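**Student:** One letter stands for each residue in the lines below.
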Amino acid sequence: MSEPVRFHFDVAGDNFASAGEASVKVKKLLRQLSMDPETIRRVSIAMYEGEINMVIHANGGTADVILYPDRIQIVLSDTGPGIKDVSLAMQEGYSTAKDNVRSLGFGAGMGLPNMKRYTDRMQIESEVGKGTTVTMEVFLPEAAR
Amino acid sequence: MTAKQLRERLELQLLSEPDPDRDVTGGYAGDLLSWVMGRAQSGDAWVTIMTNRNIVAVAALADPACVIVAEDSVVEPDVIALACEKGINLYRSSRTSFDLCCSIGSLLGV
Chain A
1 MSEPVRFHFD VAGDNFASAG EASVKVKKLL RQLSMDPETI RRVSIAMYEG
51 EINMVIHANG GTADVILYPD RIQIVLSDTG PGIKDVSLAM QEGYSTAKDN
101 VRSLGFGAGM GLPNMKRYTD RMQIESEVGK GTTVTMEVFL PEAAR
Chain B
1001 MTAKQLRERL ELQLLSEPDP DRDVTGGYAG DLLSWVMGRA QSGDAWVTIM
1051 TNRNIVAVAA LADPACVIVA EDSVVEPDVI ALACEKGINL YRSSRTSFDL
1101 CCSIGSLLGV
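Quick mapping for you: the protein sequence lines, in order, are chains A and B. The opening position of the first sequence corresponds to residue 1 in the working numbering, with each subsequent residue numbered one higher. The opening position of the second sequence corresponds to residue 1001 in the working numbering, with each subsequent residue numbered one higher.
Don't take each hint at face value.
[Unchecked claim] Here are the simulated DSSO-like pairs of lysine-lysine, each with C-alpha atoms no more than 30 Å apart in a straight line:
(1) Lys1086(B) with Lys98(A)
(2) Lys28(A) with Lys1004(B)
(3) Lys1086(B) with Lys28(A)
(4) Lys116(A) with Lys25(A)
(5) Lys116(A) with Lys28(A)
(6) Lys25(A) with Lys130(A)
(7) Lys25(A) with Lys1086(B)
(8) Lys116(A) with Lys98(A)
(9) Lys130(A) with Lys98(A)
(10) Lys98(A) with Lys25(A)
(11) Lys84(A) with Lys116(A)
(12) Lys116(A) with Lys1086(B)
(13) Lys98(A) with Lys84(A)
(14) Lys1086(B) with Lys1004(B)
(15) Lys116(A) with Lys130(A)
(16) Lys84(A) with Lys130(A)
(17) Lys25(A) with Lys1004(B)
Since the hints were made in silico from the structure, they are not lab data. Keep in mind that this is a model prediction, so the values were computed, not measured.
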């Protein structure tokens, strides 16, 4: 059996101007692979939110996208401050973002909820002071498998 | 209705129009980018007062038919260039978001 296709990206910290570049690249790659538009939209939006979170809170990190025959997995890892209370962070509207971030239109407390909304499975592993890894999976529609 | 037709009917200022024939199927107004990302639909005309580079990334991912900057909010040349590069139709108007949405709704028969 062939190895799943993997894409790896480094997400630069504290750079809002380039934030989202990896997600836009993934969208383009998935389009080239003729994935269905709704799957592409879900994967790229979930990944963008994760990227923005890493830029806002964790001084960047890494993003890996792995294409399995039945699903797309996105793994976002950082060595930032970690999330103190994951269930609180999952609530829509809860945010610890600073005012300068909010003035750019981010920090509305929608990032993690959007990531959950747009994926079929999401797991957060976080340790305060160590970092956070978010693993998300989007199942491919039957027809695309 | 296409993005170009919408621009002409609303007399919007053209900033970038790489995809003039894109079909406009609805509308969405919002300035919180994550909120827009989570709720706007592909094909919407997205009305906002935000003009930083991230609106281009949001548009590239959420896939609206066009982005309309309301109230003559200042759009820097690098944002316009980026929109063009990413295939995003970007327009501007002196009218408010509310006012623009009323007109878009009436044009689309919403």
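**Student:** When the hints from earlier in the document are held up against this structure, which numbers fail?
**Tutor:** none
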